[in-house]
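Enquirer: If you want the building blocks of each chain, they are given just below.
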Amino acid sequence: MSKETKAASSKDWVHYYFKSTSGVIGLILVLIMVTLSIISALNLAPIDPLEQNPVDALKGPSGTYWFGTDQFGRDIFSRSIDGMSRSLSVALLSVGIAALVGVFLGVIGGFFGGWLDGLVVRASDVIFAFPAILLALAIVNSLGNSWIDTSIAIAIVYTPIFIRVARGPVLTVKEMDYVKSVRVLGFSTPRILIRHVMPNVLAPIVVQIALSLSWAILTESGLSFLGLGTQPPDASLGLMVSEAQPLAAFAWWSLFFPSLFITVVVVGLNLVGDGLRDALDPARRSSG
Amino acid sequence: MAFLKRLPSVLTTLFGISVFVFVVLRVIPGDTITSSLGIETGVLTPEQIESLRKYYGIDQPLIGQYLSWMSSFLSGDLGFSYSTGAPVWDLTKSALLVTMQLALFGTLLGVLIGISIGMFSARKPGSARDFLGQFFGLLALAIPGFVLSTTIVTVMANKFQYFPNGYEYMTPFEDLSMNLQQMLFPSLVLGIAVAAPIMRTTRSALLETVDKDFIRTAYGKGVKPRVVRLKHVLRNSLIPIVTMTGIQFGYLLGGAVIVEKIFALPGMGRQILDAINKREYATVQSSIMVFAILFVTINLITDWVYRKVDPRIK
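Protein sequences appear in the order of chains B and E. Per the numbering used here, residue 1 is the first one in the first sequence, and the count goes up by one each step. Per the numbering used here, residue 289 is the first one in the second sequence, and the count goes up by one each step.
Next comes chain E alone, as it looks inside the complex (with noise of 0.2 angstroms):
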């Protein structure tokens, strides 16, 4: 139920945002028959110019472009691609499963690196440990992806002679284990990016929630610590964890465009960034809108956790 009230909300939200991402690449100069015709446009007739403007649909007015753009999009019809002519919808369903993927596998390492070191530096607060742990929170969130990106590719590529990624992308289901092989990078560039702020927010949790009576009262009914630690304290802190967590999951999803450029993975990122090189209106229109209602849906799931894991929220 209380996913369909917030239903309204969300529709008008994905509304502005056909109409953000419609209006903010009307205004790219050069428009797609300059850029898939290149210096060739000069030699074309001012009526041959015109015929293609028709047949690409761009000689209607704006409202019109947008119209029948949204009403194809809903029936399931994203366009096609101008250079190669393949669907976008094609392209896309095999883009969003890598993207999926490695977001899945990058918040997985995310959380469990950052719960790890979250529970590890909240222990003795003011320590040694607990600088160490606050100083590797530091760290993440400062050096950016594409650097740890670099760096591991230039590691393991010369000294170890490891480079997955330099072999062409398999699914999961041509190849699983050099899939995984392929991932295991990436996800852990994102993971130890999503850590740094699942981290602090562990710790901060946890120290707020060790100072309750109910953890005094566990402690002196003789409960061991360890028992006390994971299922009074980790648990009654876990609200706070899956909120970071869903925010985490929208930059990762914005993380993933520099990471699979790095690490050849033909993902959404890449789709979009390479269909921005060559302004293909339709690409990149109808990808950034798939986008965005996965960045919604997730915010929607989110929520629905957030309800699971604290049955007080209505």
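Okay, chain B solo, but in the shape it has when bound (with noise of 0.2 angstroms):
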């Protein structure tokens, strides 16, 4: 394969990403959201997220307050880009994880296959067999609740999801002729699998990583909400969720808010993944 065509075929796939409307539209929602918690992470949030102003507790959207206060009066608003930027951390560092040690694993496992891809398998087997939120859940429990514990615990939770991802298109790649032809010219292992493996079932991994990503979310704001994250007086979505329990009657706004931060990054989320499957897909292409 040459240069340009490379170029040429990689171009391609992105236009084609930014005809879909909906994809589109989920960019736009994510970068909404990752702008957001890189102003929030900057430390350039309007209102300081842990500051109380017992005067101006449960006051509704304002211009000062955009979201609203809570019952400490800290502001919503910078709480919940404060909790974004949090959920985002753990959703990466978790993600990459998962992915990094699942690909790695499965193309391993799928291209040698005997007892090492045996072992893999049934690995991802047992840890299949748990409902996710209940095994982080234990995981957490065990390590502890900063976010890098949390980040560890998901990451264990999706790196079968990975594994298999990986696996499946490396056992069907190494019985083509293009890697059989290699392998007689006697290429190095290594340079096989990097070279001319991982090209190949490098678009299913790309649509799982934005897909886990939401998933990531949606796991790390269901442990804060059941008290096993982000410890109070931080701020993560989750928990404000928690908190707004008892105020959402005559509060709406400290319910409203943080659920809808997170409703906008997984919407966002999958919609990006979805149209990555389409675009990296020419088989949907012509079909869709």
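By construction, these hints were calculated from the structure, which means they are not laboratory data. Incorrect hints may have been included.
[Claimed, not checked] Simulated pairs of lysine-lysine, DSS-like, Cα-Cα distance not exceeding 25 angstroms:
id : chain 1 : residue 1 : chain 2 : residue 2
1  : E       : Lys447    : B       : Lys59
2  : E       : Lys412    : E       : Lys509
3  : E       : Lys519    : E       : Lys509
4  : E       : Lys500    : E       : Lys412
5  : E       : Lys412    : B       : Lys19
6  : E       : Lys500    : E       : Lys381
[Claimed, not checked] Counterexamples of contact, computed for chain B against chain E with all Cβ distances above 12 angstroms:
id : residue
7  : Gly26
8  : Ile148
9  : Pro169
10 : Thr172
11 : Leu185
12 : Leu269
Note that the structure is predicted; figures quoted are calculated from it, not measured. From the three backbone atoms N, C-alpha and C, an ideal C-beta is built for every residue, glycine too.
Two chains, each in its own frame: build the complex with the hints.
Expert: As structure tokens, this is what we get:
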């Protein structure tokens, strides 16, 4: 494959992606949330998310407090973007680990087969036999409540998915003539894996990353809702929903805005995932 | 026979699960004694702590602890709760019933909602109704169960003064009408979450089947469109839908953890959550094990239904 055709084909899928309205909308939603997170991470939030103003407790949305305030008079907008940056950090770290470990194990297992492959498949079956949140809950409880602990727990839960997604195509690709021929030519195994096998399993992995990010955000917010993630007074979207339970009847904004943030970012990531799936799979392009 | 063939792999998986559960829970800092006695642990003499450790069996090496747990688990003894002293199996029996009922209702609602909306969408791909159906699917996927539950609780309790879950939980044998009312909202929350992927699967499966030759033949020989849609198209699209339902059932068992907590249902999820907070090794370990067995069984059943639906699969 020459450099030119490679460049052309990659431009092609980018072009195709931007032709889909839902893909573009998804990307915009995700970018808005990422921007807000960065603003919060740089301490540029309009009001300190931890600052309490008891005089202004439970005020509705206004010019000063865009999303209103909670029972301690803390600014819900600043807390929401702070929570979003925490959710996104956990999602990125956990999916990053899961993708790296999962793809490595899946490719190695699929390519070499034998007992190694058997072990990898068995181990992922074991993890698959637990409902995700339950497993994450047990692991978080063993590790601790920091965002890194949460990320590790979620990474363990989602690694098997990446093992499956990577292993399947490798099983097909390794029997293909072009892989057999480079083997005959005596290329080293790492080179075959990186240069010839990996490019052909990349598309489903990229799609899986987008979808897993959305699941990771749901799992993270679920854990903090249960009190097993971020601890107060730090802001986290799940924890904010949990704290809003007794308030929501007379302060709808305390429940509505954190919920909206979670929903928007998950919708966005799902649309991006679907868009990527259509753009990266030539078979779907012609049919859809 | 197919079942017997899968038995070894199922057993290895269950063995792996038991080791995994055991190891994960042993990493927890602080042991049973500190958690059951709290700060009073400090006044105990080393001898007293030693005898307590012996009493709970946590003085033995890990392998020994694992073997004794497994051998009693297999003989039906799930240990006992440290805080209440009740046998874990007694707690589990009633909790299992709650979760199974919840999961069953949730799945039924999910299948009903999912297939209906999927069919609604697939009638005219690309139309406004298709957009509406897909939009529902996306929202159902993206709104977390705990947000939906909290919203329902707030609206129902405050605007309509109706909140059956505020009363003590009733089993279906004690008070059926109360039980059904208490199950309604939690099942609906789980059902909506399950409906989203079922809706998507139904839609794409239907669209694929509709293009087949035998469907055109059925229309051509004058079968009523309604009958074609239900008997020919839906029937032949069932396999992916059944598979997706099986996959979702497992997800639903996980979702039950959060929903049971919000709606105060004394099911397996809440039992495990409470036990985790109290660091009750025996309860957590055995409950998660029961949960995993349930999960693996459901996968086997899905497999069996799958074969029933499609006789072509051997």
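Enquirer: Does each hint hold? Answer for all of them.
Expert: Evaluation of the provided hints:
| no. | hint | in the structure |
| --- | --- | --- |
| 1 | Lys447(E) - Lys59(B) | holds, 21 angstroms |
| 2 | Lys412(E) - Lys509(E) | holds, 22 angstroms |
| 3 | Lys519(E) - Lys509(E) | holds, 15 angstroms |
| 4 | Lys500(E) - Lys412(E) | holds, 16 angstroms |
| 5 | Lys412(E) - Lys19(B) | holds, 22 angstroms |
| 6 | Lys500(E) - Lys381(E) | violated, 48 angstroms |
| 7 | Gly26 | violated, 10 angstroms |
| 8 | Ile148 | holds, 15 angstroms |
| 9 | Pro169 | holds, 20 angstroms |
| 10 | Thr172 | holds, 21 angstroms |
| 11 | Leu185 | holds, 38 angstroms |
| 12 | Leu269 | violated, 9 angstroms |
Consistency note: the structure conflicts with the earlier hints numbered 6, 7, 12.
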